[in-house]
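J.: The listed protein sequences correspond, in order, to chains A and B. If you count the first sequence from 1, position 56 lands on 56 in this note's numbering, and the numbers rise without skipping. Each number in this note's numbering corresponds to the 1-based position in the second sequence with 1000 added.
No lab work stands behind these hints, which were simulated from the structure alone. There is no bait here: all hints are sound.
Computed cross-link-like contacts, SDA-like style, restricted to lysine to any residue with a CA-CA straight-line distance of at most 20 Å:
1) B/Lys1114 x A/Phe37
2) B/Lys1218 x B/Ala1182
3) B/Lys1218 x B/Arg1320
4) B/Lys1135 x A/Val28
5) B/Lys1132 x B/Tyr1237
6) A/Lys161 x A/Arg45
7) B/Lys1158 x A/Gly90
8) B/Lys1135 x B/His1115
9) B/Lys1195 x B/Pro1264
10) B/Lys1195 x B/Asp1214
11) A/Lys161 x A/Pro42
12) B/Lys1282 x A/Ser91
13) B/Lys1128 x A/Val38
14) B/Lys1282 x A/Arg173
15) A/Lys176 x B/Phe1286
16) B/Lys1215 x B/Leu1143
17) A/Lys176 x B/Arg1324
18) A/Lys161 x B/Gly1281
19) B/Lys1195 x A/Val169
20) B/Lys1114 x B/Asp1133
21) A/Lys176 x B/Glu1373
Taking beta-carbon pairs under 10 Å as the criterion, some of the chain A residues facing chain B (in silico):
22) Arg22
23) Gly26
24) Ser27
Small disclaimer: the values here were computed from a predicted structure and weren't measured. Don't be surprised by glycine CBs; every beta carbon is placed ideally from N, CA and C.
The residues making up each chain are set out below.
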Amino acid sequence: MHNALWLLLAVSGLALAQDGGRYGFGSVATAQELSPFVSPLPDGRGLPPGSGSVQAGKELYATQCLACHGAKLEGGQGDRLIGGRGSLAGSDPAKAPIKTVESYWPYATTLFDYIKRAMPLTTPGSLSNDQVYALCAYILSEAKIIPESATLDARSLAAVKMPNRDGFVADPRPEKFPTP
Amino acid sequence: MEPRASRRRFLKSGAAVLGTAVAWREANGAAPPGAAEHEVPSDPSKALGVPLPDEGYGLRSQFETVVRQRYGKTSTPYSSWTFTPLQESVGVITPSGLHFERSHAGTAVIDPAKHFLYVHGMVREPRKYSMKDLKRFPSVSRLLFIECSGNTLTEWAKPTLPTVQGTHGLTSNSEWTGVPLATILREVGVDSGAKWVLAEGADGAAMTRSIPLDKAMKDCLLAYGQNGEAIRPEQGYPLRLVVPGFEGNMNIKWLRRLQIADAPFMTREETSKYTDLLPSGKARQFTFEMEAKSVITAPSGGMHLERGFHEITGLAWSGRGAIRRVEVSVDGGRSWRSAALEQPVLALCHTRFRLPWQWNGGEAVLQSRCIDETGYVQPSIAQLVAVRGLNGPTGSVYHLNGIQSWKVAADGAVTNLHA
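Kindly produce the complete structure, drawing on both the sequences and the hints.
T.: Pasting the structure below:
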């Protein structure tokens, strides 16, 4: 009797262990279901195939981006995209730093990621991979980070060294303040 | 009169703080939001009341006018924020309809029957969960604050917004119910070498943040419940990630996807936004914890005091644990007294404090400072500025947890002050 009980406990314990303690709810996510999701890592892993030139990006920008980000990428309803190098340091309450893709963004992959998923504001996710590469190329070219003749793809986008790549430090908090 | 414009004028006048339903009705020609208009008998004990509906969803009194207010300076109402009216808050629960909002592409409208959570990347097997699937897992409920890391951002250089709703209204506190994220991560089997979890929303911004795997395993929740019912649309219906004590924007709303990886994804929101630029030109990145902070919610800016007894009350909270002590000063920080803390005091949750006070008509400067269970003492704004700098009118923008001062003038008017 005791032996039978122990055997039962041992078998059920084995069943749980084999199952990894799983409840088993949900279903397998297929490659097709996951295919719309794009989230590149800074080293370029996860960037999709495709490519786009500065020239193609310039044309797209005029129809897809200019209304919010301005003819000279100077911003408007949307963020300013270029300029501001050298403006980050300081402590003047009357003079704000100019944080743009050019001056502040540490990784070019972020630009692809954000445009692909969240832009244009009113029709997010509507641009093809080629179109997004082209827009990245145009913005980075206007920012004088890549030449006007450039075409970007997964490999060359991940290889772009952004001006503020080394502009970030780890969180040192908690800070100890003397009790006033 | 165009009702929206008149409403804006009404709110700007500061009358909202002391606003009456009569004023609201005169300005808008309708009952306040969340209420229905009923005829008011001269004596409720001499008349029948409103009949009980066979089915219904409760409304608040037609005499209650307190509302969230949107920050007017954002360029679009689709990427903007609204403030919780802390000046009217009682207790520690924020009503779901008054929980602050921060959205980057409006409030997503989602049919829960068509909503899935995908979990993939460095896992044994990518999985997909319907809302029905998620609700089958063992659930937990936790009382937790969520604070936008931009809360108080207007106050770095000088006192700017007149009320505590504007200065501190981007923190709210709810009971969140859902599945521990650890349960799901164990379910899918995370590969060795994995260190980060990308969380993505199903809204138009496809809002994303990378969460350290340690934190994900420790106490994050996949929440579908808020204050006893389904999460409100503006809080991420049908599913939001809750990351206790961390920056509000990491609590991804309308959660649709978790991707496990060995490195942070360096998304826009964790590089170009939500990083803390220092005077040196370098920026702090991954400043996750919301540090200990407190504020007096009453008396507070925009109020007008009468002489005599007042209960000074407010809220304290810390992203690193429980509040251990709150001290209140009525003389601009020269002397401090310990406030009573409403029990139970919970970690990562708003704590209500109270101190009795007799106001005899002299000028006073009211302040609160809190100490959390790690021994961290809430600093002054000047101490924070000394480290973080004042780079532009909004300084270092995020993570301003300095001591707030309210000046009480001899005539009883309460105003925002840097002391």
